[in-house]
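J.: Given next are the chains, with one letter for each unit.
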Amino acid sequence: MFYNLIKRNSKSDRKENSLYFASLIISVVAFYVILSIENQDVMKFIKSMESDAVQKLLILIPIFYVFSLFVLSFLVFFTTRYQMERRSHEFGLYLMMGMKRSRLFFMLIAEDMVNTAVAFLAGFPIAILLTEIISLTVSRLIGLGILEHHFTITWTAVLWTIVGIVLIKIVILSVLSGITVNKEPYVLIKNSDESEKKRTKGQGSPVFLLGGFLLLGIAYFLGVRKGLWEQMRSLLWILLFGITGTYLLFKGFYFLFQKALKKKRKGLRTFTLRQLQESVFLKSGFLASCSLLLLIAFCCLSFGISATFSQKPERFTDFTFVGEEQEVKEKLEQAGIMEQFQNFYQMELSFLSTFEGEHTFSCEELLKAIKELPPSENRDILINNLGYLDAPYIIKLSSYNQLLKSAGKEPLVLKEDEVFLYEDPRMSEEYVETLQEALKTGVHLQIDGQDYLMKEKVMSYDVVTDDKITLMDALIVEDSVFEILCEKDSTQSYWNAILNDKIIENEGLIKGFTDINKELAKTGLEYESYMENMGRHLFYIVSESYLSIYLGVVFLIIANTAIGTQFLMYQGKTGKRYQALFALGADFSKASKSGRTQVCWYFFLPAGVAAVSSVFGIQSMTNGLLSSYFEEQQSNIIVIALLVVCLIAVVEWVYIRTVMKNSDRNIHALLERKRDE
Amino acid sequence: MGKTLLEIQGLKKSYGRKEGETKALNGVSFQVLEGEFLGIMGSSGSGKTTLLNCIATMIKPTEGKILLSGEDIGRFKGKKLAQFRGKEIGYLFQDFELLDNLTVEENILLPSAIHGDSRKQAENKCMELAHYLEMQDVLDKFPSQISGGQKQRAAAARALISQPKILLADEPTGALDSHSAKKLLEKINGVCKDFKTTVMMVTHDANAASYCSRILFIQDGVIFHELRRQLPEESQSDFYRRILEVTAALGGGSANVL
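The listed protein sequences derive, respectively, from chains P and V.
Residue numbers for the first sequence follow the working numbering, so the first one is 1 and each next one is one higher.
Residue numbers for the second sequence follow the working numbering, so the first one is 1 and each next one is one higher.
Don't read these hints as lab results, they were simulated from the structure.
Any given hint might turn out to be false.
[Claimed, not checked] Here are the computed lysine-lysine pairs in the DSSO-like style, where the Cα-Cα straight-line distance is at most 27 Å:
1) Lys125(V) / Lys573(P)
2) Lys263(P) / Lys141(V)
3) Lys661(P) / Lys65(V)
4) Lys60(V) / Lys593(P)
5) Lys263(P) / Lys125(V)
6) Lys266(P) / Lys141(V)
7) Lys573(P) / Lys283(P)
8) Lys576(P) / Lys262(P)
Kindly generate the complete structure, drawing on both the sequences and the hints.
T.: Okay, structure coming up:
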């Protein structure tokens, strides 16, 4: 009998508070997905190349896990308290009927454990399926072979998810149930609302409102400034201003409602506004906290999703081999790899040594032209960098043209007395533009006393596939000039190869590469491949987007569920008011409309404030937190981030609709109860 | 006296089914005339509140008809029903049922707002009622800031704002001290005379009932007795004595002492 009661009660809890139950399932899914990240195909792949970095990332996961458990406990505490209050009357009756306090305590814990178990049963299959889908999709997108995919269940992830959630539930439940069952039955049955006393304290609100706007304004202003993340102090100021501003703003909303109440009153408008005013004022701190949670969620999601869309590194050289021509070619042919390349050429570079007077070099004219440009940060960097340029690398024109051909670009044309300037591709667009501005004036440089005209355009296609050699500045010279200037001793032989398109089409990018890498490992050649480049890119994507999306999802559901539950709790407590409305002749549609309007505003206020703040937050995050790798794609990321905000609006809408339906159900129940009495 | 405003014909209401059936009303018929102050008395569980709730359309009778100005209110549905609840009747609850997050003025104006009446007119009427019920100075206060008597007068003003044909009052003095109760009853009596509003009041308090012009006694779901105050010659205290006699007769007296 007792166990039947537990079963029935937990079932009705799930039904009554479906919002919370759904959030619990989503939490299970999110926890599993993040904890099983190590076993994702893409992670295994990156680990094979960037194992140190991946290890560091994996050390971070437990920290994220504990942090999100902490935030989840906020939701669990909140909804459990709601459940307890809602059923207070029932508990009072159990005690009056002679149930022992310890038995009631045990019953409450058991009921919740049944629900938690159901959440696990529902959550894990979804989680495992989702991880498989993510793993397969990511593999497919980046071209990992699907054939190598194995279905895996990460038991440690299952275990930690269960341990974490059960632990916080037991702790919170014990505390709350303990408090509840120790109340006197009369207090439980009456379940009195203590909101009365606080009502008239909202007098100073215009000050709160102004203070809120002011502090938030300062936080926004500080947030969009450049160089913010380098200064810990201004970061702390922003947090202080932003958080205090949000709290004050929510306290100040009382004043806005007061103003709105002075206008025309039609239908249930006055009632709706008063309900909102009271609910927002009584829970202003809570709503401000939710708004801040939503802000973190918005920022993390926008940042995470847009980072996923960042472009892959451009691919125009697949492999770079180092070695003598004969040795490289021979080994490649022996291994049967040469035929898999559609292009294979030497990238001829030479160091123009000036230290012992072998050559003379001067770029005074270029420095002078740069100095004449209007002052800017880039100009200063250029003056500094080029000031050290006294022994540049030279690149053979025909080699570089092969590279351009692979990238699908037009070849360069040079006369004997002309050079192109080559700059490190990692330099920013503005940097290169400033340089080109200076070159427009027709600048000459001198090598061995001879003048060379510097062409206006600056070339920035990397000469090797990854980082075998990093050239800061170099000169592309005509072949015959190269032959004269090059020192046979300092000429390094780099051999660039491009994989046949058909192989990539048939096997996918990564599979194609890994197959050849296996063969190449046997040859003992010194080489690097585009894969290392790609691996680094994937690592950034995974570490930046995976974790931010995870945090974003967890915070989004927690904040929304908390807002929804709080609203329904308030509505339940003020049920008598709705009954009075019905007695005065209001019909269901009018009361439902009022309830729905309240739901909309109750969500809109925290979400709206969070949305405005997130515009600044996202900008600040992309400014400061993006790895330098993505920096050049910043504008692109902001556009995607704004699209993501629209997507989040859809999620909010789903939550609002769900709470509206619940509100309608509550109001309908109140109407029915009024009739029955 | 004027013409018939409300006519109750063979009203029955039962709860539960078959063996467990309880008959709260078992064939009640009577008429209420315009401008009358009618009291309904009876012991606890006699069916008086059920009767009032049937008239207020808060519950549906099992059998019988309720005619207000000749119209069967049992047939009202949707908009017409809401209109009836908000405009034709005013309801005064024992525990006031004021919305505690609205000011007194907002509470009073609520019915007219629900029914989309002219705001200006409603505000004028509100001021008139506040003046009549002596509560102008509490209009801006919240219910938690005023006394029980003021709360009930606010509730009365709310019930009267849309100028209903009949004011239904369910133990309106039940939660008030004797001084506040006396003041409220005087006001209700005044409303009946000055505003020509018909009042129907359920009570088990003989003192409250002595303000009425006619009293119906209900027992076990049927009308058991009727008392009519002989106006103008019968004084209120004489009428009170007569009421006590009937309540005493209604089961040896002890059944009516609550």
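J.: Next, verify each hint and record whether it holds.
T.: Against the structure, the hints:
For the given pair, Lys125(V) sits about 32 Å from Lys573(P) by alpha-carbon distance, which is inconsistent with the 27 Å threshold. About 18 Å separates the Cα atoms of Lys263(P) and Lys141(V), which keeps this hinted pair within 27 Å; it holds. The hinted pair formed by Lys661(P) and Lys65(V) fails the criterion: a straight-line CA distance of about 37 Å is larger than 27 Å. In summary, the hint linking Lys60(V) to Lys593(P) is supported, as the alpha carbons are separated by about 26 Å, within the 27 Å threshold.
Taken as a hint, the Lys263(P) and Lys125(V) pair is honoured in the structure, with Cα atoms around 19 Å apart against an allowance of 27 Å. Distance hint between Lys266(P) and Lys141(V) is fulfilled; the C-alpha atoms sit about 21 Å from each other, no more than 27 Å. Of the supplied pair hints, the one linking Lys573(P) and Lys283(P) holds, its CA atoms being roughly 14 Å apart against a limit of 27 Å. At most 27 Å may separate the alpha-carbon atoms for a hinted pair to count; Lys576(P) and Lys262(P) meet this at roughly 25 Å.
The earlier numbered hints that this structure contradicts are 1 and 3.
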